[in-house]
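> Residues per chain, in single letters:
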Amino acid sequence: MSEVLAGREELIFQTENGSLSQSDTTERFQLAFHQEELSFRVCELITFKRKLQAIDLPAMLMSENQDVEVLHMPHCDRLFVLTIQNILELKELLAGAFTMLELNSVIHRQLVRRPL
Amino acid sequence: MKDILRRHSVLKEEIVNAINKQIKMEAQSSAAYLAMAAWCDTRGYDNCAAHFFKQSDEERKHQMKFFRYLTDMECDAISPSIGESQHEFASLRSVFETALEAEIAVTDSIHDMVRVCRKEGDIATEEFLRWFVQEQIEEEFVARRTLELFDVLGEDKIALGMIEERVLSIEYSAEG
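Chains R and D are the protein sequences, given in the same order. When you line the first sequence up against the numbering used here, it's residues 1 to 116, in that order. When you line the second sequence up against the numbering used here, it's residues 1001 to 1176, in that order.
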């Protein structure tokens, strides 16, 4: 969690094909997934997570012709064309990353901000 | 490592989802009251129409209060899409019965939100909801009292005229 990357970017969570890191300088998150690299503000990352969660995976699996889902993220003017495999990987990545971010919040509340 | 999540997103996801659900419910209520107002207005129940126009405005204000709370907390507030409202009613009484049922549903939903806040330990949002809990006591009282007029006065033309006369004067007073 505290592995220091280039500059002041810190790795939050990593899976086989992706990682999420945070920059304390810009207060933004950096998502690396396969060959893509994208920057998010907090609210954009939460929106991205919500859009991913809203994808109806059983419907995709049952469908005969729908094997990709297209997600639009206006903040970076990008379209994500995601396969079922991509969706599962991203869900795993974001679930792990948000667990780590919440843990960081608990640490700050209990140890950093705690009055002496 | 900075706590960016806490700095820029004050509320937990469960709380944001519950508030967005409530924003949609308030918007739906506002639209439903508008349909009730239209029904009353076209049938000559001017005061009942005025009552429902006022209720519609209040629901819209509630919606905006929740909406602004989310934006103030740097959370995603979702402008809701709403479904079709009920435009046909069998009688004036059934309009008020529908209104009371809607208010009870809103009360239940607000109470559910308070429970979510307690579960998540969100003291600030629970405190914010206190106003809505009180407001619903008032809203339900007015809806119930109006409906009781039908029990007391009946539903003939004279009774409906008396209800029309009294509907705007029903107010809740916590002192009794």
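Wrong hints could be hidden among the right ones.
DSSO-like, lysine-lysine: derived pairs with alpha carbons at most 30 angstroms apart [what the hints assert, rightly or not]:
(1) D:Lys1157 to R:Lys51
(2) R:Lys51 to D:Lys1021
(3) D:Lys1012 to D:Lys1024
Using C-beta positions, here's what the derived DEER-type ranges look like [unchecked claim]:
(4) R:Val81 to D:Ile1137: 47 to 53 angstroms
(5) D:Glu1175 to R:Thr99: 23 to 29 angstroms
(6) D:Ser1085 to R:Thr99: 37 to 43 angstroms
Simulated from the structure, these hints should not be mistaken for lab results. Built from N, CA and C at the ideal position, the CB exists for glycine as well.
> Each hint should be assessed against the structure and marked as holding or not.
Evaluation of the provided hints:
Pair hint Lys1157 (chain D) plus Lys51 (chain R) does not hold up; C-alpha atoms about 54 angstroms apart against a cutoff of 30 angstroms. Between Lys51 (chain R) and Lys1021 (chain D), the direct Cα distance comes to roughly 16 angstroms. Compliance with the 30 angstroms bound is thereby established for this hinted pair. Our distance criterion of 30 angstroms between C-alpha atoms is met by Lys1012 (chain D) and Lys1024 (chain D), whose separation comes to about 19 angstroms. The hinted window of 47 to 53 angstroms between Val81 (chain R) and Ile1137 (chain D) holds, with their beta carbons roughly 51 angstroms apart.
A beta carbon spacing of about 50 angstroms between Glu1175 (chain D) and Thr99 (chain R) contradicts the range 23 to 29 angstroms that was offered as a hint. Restraint check, Ser1085 (chain D) to Thr99 (chain R): a C-beta distance of roughly 42 angstroms satisfies the suggested window 37 to 43 angstroms.
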